[in-house]
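Visitor: We have chain A; now place chain B onto it with these hints.
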Amino acid sequence: SQTIHQWPATLVQPVGSPLSLECTVEGTSNPNLYWYRQAAGRGLQLLFYSVGIGQISSEVPQNLSASRPQDRQFILSSKKLLLSDSGFYLCAWTAGSGNTIYFGEGSWLTVV
Amino acid sequence: AQRVTQPEKLLSVFKGAPVELKCNYSYSGSPELFWYVQYSRQRLQLLLRHISRESIKGFTADLNKGETSFHLKKPFAQEEDSAMYYCAFSGNTPLVFGKGTRLSVIA
Chain A
300 SQTIHQWPAT
310 LVQPVGSPLS
320 LECTVEGTSN
330 PNLYWYRQAA
340 GRGLQLLFYS
350 VGIGQISSEV
360 PQNLSASRPQ
370 DRQFILSSKK
380 LLLSDSGFYL
390 CAWTAGSGNT
400 IYFGEGSWLT
410 VV
Chain B
3 AQRVTQPEKL
13 LSVFKGAPVE
23 LKCNYSYSGS
33 PELFWYVQYS
43 RQRLQLLLRH
53 ISRESIKGFT
63 ADLNKGETSF
73 HLKKPFAQEE
83 DSAMYYCAFS
93 GNTPLVFGKG
103 TRLSVIA
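So the sequences go chain by chain: A and B.
The first sequence stops at residue 411 when you use our numbering, and every number in between is there.
The second sequence stops at residue 109 when you use our numbering, and every number in between is there.
Everything labelled a hint here was simulated from the structure, so no lab data went into it.
A portion of the hints provided could be inaccurate.
[What the hints assert, rightly or not] If you want a taste of the chain A side facing chain B, the calculated C-beta under 7 Å gives, among others:
{"hint": "1", "residue": "342"}
{"hint": "2", "residue": "343"}
{"hint": "3", "residue": "345"}
{"hint": "4", "residue": "348"}
{"hint": "5", "residue": "399"}
{"hint": "6", "residue": "400"}
{"hint": "7", "residue": "402"}
{"hint": "8", "residue": "404"}
[To be verified] Selected chain A positions facing chain B (in silico; Cβ < 8 Å):
{"hint": "9", "residue": "333"}
{"hint": "10", "residue": "341"}
{"hint": "11", "residue": "389"}
{"hint": "12", "residue": "403"}
{"hint": "13", "residue": "405"}
Backbone N, C-alpha and C fix where the C-beta goes; we use that ideal spot for every residue, glycine too.
Chain A extracted, bound-state conformation:
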């Protein structure tokens, strides 16, 4: 069966420090991968999605970037965190557009 994991689960980082959130999917190949941010009152905001290795689409211009170095690995990064980057980040995957999306456990990021 397919599984998705992301880590770390919680992270407290100072302003200006770098960020790396990692997500891996197991049990499937060539998934579509997504990073969402869930913020109070703003719902689920799509940040990045990828349909293949090295292919990244950015939905919202901001202080973050994403990379897909391997088929089932998706990384969310920042060189210098801002206070506004605090939030709950969710990695997700689908087998193709329009199919059911499956979410990871989420990562709580607090920038102080």
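Guide: Only chain B this time, still in chain A's reference frame:
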């Protein structure tokens, strides 16, 4: 632009009362619509999708293309239904989510 609107941030109902969580979408083609639910301390998970036309945990949702709506309904709310509910839409872009409605069922 493709958009999903959930007009209610919070909905409180008494146990045993009917529930309707509203969802409207904006898309000119044939959409695929979903409801996702997040219970306390659990990951976001699929509740139902319109193409399957099934009832999950007593919830149903009918796609109304005329009204561009996909409201989630349940005839008798239960305390364990308290959760955050997201309507989601897939057109020709990745899945787009509404802002969510928090359902609180009061005993």
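Visitor: Should the hint that residue 400(A) touches chain B count as held when the rule is a Cβ pair under 7 Å?
Guide: Check passed: Cβ of residue 400(A) comes within 5 Å of chain B, closer than 7 Å.
Visitor: Is the shortest C-beta separation between residue 389(A) and chain B less than 8 Å?
Guide: holds, 7 Å
Visitor: Quick one, is the residue 403(A) hint okay against chain B at 8 Å, beta carbons?
Guide: Status holds, d = 7 Å.
Visitor: Does the closest beta carbon of chain B sit nearer than 7 Å to the beta carbon of residue 402(A)?
Guide: Check passed: Cβ of residue 402(A) comes within 4 Å of chain B, closer than 7 Å.
Visitor: Hint check: is the beta carbon of residue 343(A) less than 7 Å from a beta carbon of chain B?
Guide: Since chain B brings a Cβ to about 4 Å from residue 343(A), closer than 7 Å, the hint holds.
Visitor: Under 8 Å, Cβ to Cβ, is where residue 405(A) needs to be relative to chain B, so tell me if that hint holds or is violated.
Guide: Given a least distance of 7 Å, the restraint on residue 405(A) holds.
Visitor: Grab the minimum C-beta distance from residue 404(A) to chain B and call the hint holds if it beats 7 Å, violated otherwise.
Guide: holds, 5 Å
Visitor: Using the nearest Cβ pair, does residue 399(A) come within less than 7 Å of chain B?
Guide: holds, 5 Å
Visitor: Holds or violated: residue 341(A) as interface residue toward chain B, Cβ cutoff 8 Å?
Guide: holds, 6 Å
Visitor: Grab the minimum C-beta distance from residue 345(A) to chain B and call the hint holds if it beats 7 Å, violated otherwise.
Guide: holds, 6 Å
Visitor: Would you check whether residue 333(A) satisfies its interface hint, that is, whether its CB is within less than 8 Å of any CB in chain B?
Guide: The hint holds - residue 333(A) has a Cβ within 8 Å of chain B, the shortest such distance being about 6 Å.
Visitor: Hold the hint about residue 342(A) up to the distance rule: shortest CB distance to chain B must be less than 7 Å.
Guide: holds, 3 Å
In summary, the structure agrees with every hint in the numbered list given earlier.
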